[in-house]
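Chemist: Okay, here's what each chain looks like letter by letter:
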Amino acid sequence: MSKDNQILEELTSKEYEHGWSVNYEADEAPVGLTEDTIRWISTKKEEPQWLLDWRLKAFKTWEAMYEPKWANVHYPKIDLQSLKYYSAPKQASKPKNLDEVDPELLDIYKRLGINLNEQKRLQGIAVDAVLDSVSVATTFKGTLSKLGIVFCSFSEAVKEHPELVKKYLGSVVPMTDNYYAALNSAVFSDGSFCYIPKGVRCPMELSTYFRINAANTGQFERTLIVAEDESYVSYLEGCTAPQRDENQLHAAVVEIYAGAHAEVKYSTVQNWFPGDKEGKGGIYNFVTKRGICAGDFSKISWTQVETGSAVTWKYPSCILKGDNSIGEFYSVAVTNNYQQADTGTKMIHIGKNTKSRIVSKGISAGKSQNSYRGQVQVMKRATNARNFSQCDSLLMGDRCGAHTFPYIDINNPTAKVEHEATTSKIGEDQLFYCNQRGIATEDAVALIVNGYAKEVLNQLPMEFAVEAQKLLALTLEGSVG
Amino acid sequence: MLTIKNLHASIEGTPILRGINLEVKAGEIHAIMGPNGSGKSTLASVLAGREEYEITAGEVSFKGKDLLELSPEDRAREGVFLAFQYPVEIPGVSSTNFLRTAVNQVREYRGEEPLDAVKFLTLMKEKMKLVEMDQKLLSRSLNEGFSGGEKKRNEIFQMAMLAPTLSILDETDSGLDIDALRIVSNGVNQLKSKDNATIVVTHYQRLLDYIVPDFVHVLYKGQIVKSGTKELALELEEKGYDWIKDEVDSNATV
Ligand SMILES: Nc1ncnc2c1ncn2[C@@H]1O[C@H](COP(=O)(O)OP(=O)(O)OP(=O)(O)O)[C@@H](O)[C@H]1O
Ligand SMILES: [Mg+2]
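Those sequence lines, one after another, are chains U and F.
Everything in the first sequence is counted per our numbering, starting at 1 for the first residue and increasing by one.
Everything in the second sequence is counted per our numbering, starting at 1 for the first residue and increasing by one.
What the hints contain is simulated information worked out from the structure, not anything from laboratory work.
Yeah, the Cβ is synthetic: ideal placement off N, Cα and C, and Gly gets one too.
It cannot be assumed that every hint is accurate.
Incomplete in silico selection of chain U near chain F, CB under 10 Å [stated by the list, open to error]:
no. : residue
1   : Leu431
2   : Asn435
3   : Gln436
4   : Ala440
5   : Leu447
6   : Asn450
7   : Lys454
8   : Glu455
Build the full structure now, drawing on both the sequences and the hints.
Modeler: Encoded structure:
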């Protein structure tokens with residue numbers, strides 16, 4: 001309760017508040033994308049041969065692919081040859097612990113409200129901070145490693161735990177999966193790696209914070225989460241970028257593996273720069289996220305609050321392979337001004353008695369376009385599969401669009417699939433009622449929208465929920481009245 | 001406190017209020033009665049600042065200010081409260097959260113410190129007693145799935161929380177059971193002081209046994225066609241509106 005009001009009080013700044021950039025010396029790959037670029041990145045990162053080979057194979061695959069056109073988004077063709085594929089803040093030598101990290105880099109995170117200093121952090125959240133393409137610091141490593149939990153940057157995992165990376169890399173999202181996943185596989189620069197051993201409940205939230213800083217650089221990070229049998233982890237992902245006139249490309253891949261009785265919660269608050277009011281600039285966010293419930297009774301739950309990016313193309317999905325496994329997708333996607341979002345999920349039921357639940361809340365304002373695209377697929381041997389989908393759209397004004405594209409593909413007669421969809425407008429009656437109690441229209445909108453999205457926001461860990469509510473309100477400011 | 005002069009208002013080109021004159025002083029209770037569709041709710045909405053209505057003539061002053069110049073939220077912050085005939089549902093927003101936002105925005109407008117969680121809860125507990133409000137209702141989504149009577153009671157609870165100078169109760173009695181009517185009326189009476197005023201819109205004299213008005217007005221076809229004391233309400237209860245309608249309509253034809 002006190003939370004909500006705090007949020008409303010903070011509703012003062014109207015523009016994207018993370019729109020600043022910092023100048024620091026960077027190590028950058030030359031512009032353009034060829035096999036040489038990939039070799040350059042791999043050498044820079046001192047990677048083993050197998051990984052270079054894997055990248056090169058992905059590059060070959062990608063070269064033969066075309067950009068997908070089926071999504072309900074429109075943007076000028078991206079010139080992939082004009083981008084840089086690697087940018088890393090220059091540090092004298094690789095830091096061994098937080099004290100050795102360049103204070104200027106720590107400062108960047110401080111400005112974002114993220115304190116990487118372990119002692120100063122009150123909440124038990126371990127953070128991996130990724131700036132442009134590389135991880136600059138990971139906190140709480142010691143505490144976690146006592147439990148056998150590995151939480152580090154992807155590059156470090158390649159060096160320290162090559163057998164794990166080799167086993168799981170590309171096992172959930174194969175390099176051939178789609179155009180952007182293939183591109184990412186070829187050029188990914190860093191990201192986070194997380195391994196929870198059998199029977200371990202991770203005692204704190206693990207969090208990765210992505211920040212794009214450099215101009216004209218594509219950001220391609222990769223996250224891999226492996227939860228062995230009977231383990232549990234809750235993982236958070238946050239992102240911001242500076243305000244620039246040109247569009248920037250972000251194409252990440254997230255893979256999750258859940259063993260028997262394991263549970264993974266993955267929460268995202270996506271706040272990439274959305275472009276300005278005229279639709280200039282902003283991040284193109286083309287992300288592939290997928291989890292596999294490999295073991296029986298496993299569970300993967302995606303929660304996302306999508307407020308940023310000029311164009312979003314993203315479908316966090318679950319492959320329900322283990323019997324009695326559960327997949328969940330909770331999403332709030334807000335679009336304002338000229339933003340376009342095409343997002344949703346895929347639930348693929350393979351095992352028996354598998355269950356999935358989809359709750360999607362779209363909010364469109366301004367001249368934006370907001371699409372939900374979801375697929376529920378029940379395979380032949382998936383007896384007693386259950387799915388429940390709820391797709392709601394909230395429209396603000398009459399120049400925006402909301403679209404719902406549900407695809408249902410059932411190959412087993414015992415399946416039970418329910419789909420509910422609603423479209424509503426913020427009512428004049430509701431706004432007037434709030435006004436009559438002394439609440440200003442902007443705050444009334446924030447209140448109503450947060451109420452509408454509550455079912456999803458409730459899934460987020462506390463601190464994230466606060467940030468998310470604030471973001472929803474900020475994104476929609478000025479969209480009514 | 002409130003002076004309405006020759007107020008005309010229309011919606012989508014149809015005139016609804018056609019020359020309202022009314023003077024409400026601090027400490028007074030005014031009852032407005034009148035047949036369905038006569039413009040009672042319209043008057044309440046216009047005073048509260050609903051934008052769909054076009055004010056075509058007249059003026060309204062409230063505590064010396066031009067009320068019609070103020071935004072709906074500023075009218076509320078100045079102390080105008082409307083208990084809605086049909087309270088609105090807001091899914092996912094608890095009454096508690098809603099009211100905390102409202103109370104603090106009103107306080108901010110008046111240059112007062114916002115209430116912290118503890119102070120707010122204390123205030124809420126106190127006002128809940130006044131209308132015997134069930135705590136469970138307040139943690140639910142605002143008005144969502146509330147029974148008709150629960151919604152009305154919640155309106156008066158909100159009124160108690162906001163402590164307005166001018167309260168307009170639009171048919172708050174309809175939908176309340178006999179006990180609730182007594183409880184809610186009691187609440188309204190306790191909130192009454194020499195500094196505030198109340199306008200009650202009702203169809204039933206019964207309410208006026210509990211909330212005793214200083215004046216009773218009859219609204220018909222967008223005008224106050226008869227004013228009197230509480231005895232007028234008794235007369236209406238007995239005779240209906242026909243005699244007044246006849247009076248007005250025959251005058252109009254002359
Ligand atoms: N949008 C509209 N367009 C045309 N007429 C309208 C509109 N809204 C309200 N009216 C009319 O205005 C008149 C006054 O309505 P109002 O709700 O003020 O009546 P009331 O006196 O409160 O009636 P009741 O006792 O039934 O609550 C009614 O005839 C109603 O139909
Ligand atoms: Mg009415």
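Chemist: All hints are to be evaluated individually against the structure, with a verdict given for each.
Modeler: So, going through the hints one by one against the coordinates:
1. Leu431: holds (9 Å)
2. Asn435: holds (4 Å)
3. Gln436: holds (5 Å)
4. Ala440: holds (5 Å)
5. Leu447: holds (5 Å)
6. Asn450: holds (7 Å)
7. Lys454: holds (4 Å)
8. Glu455: Check passed: Cβ of U/Glu455 comes within 8 Å of chain F, closer than 10 Å.
Consistency note: the structure conflicts with none of the earlier hints.
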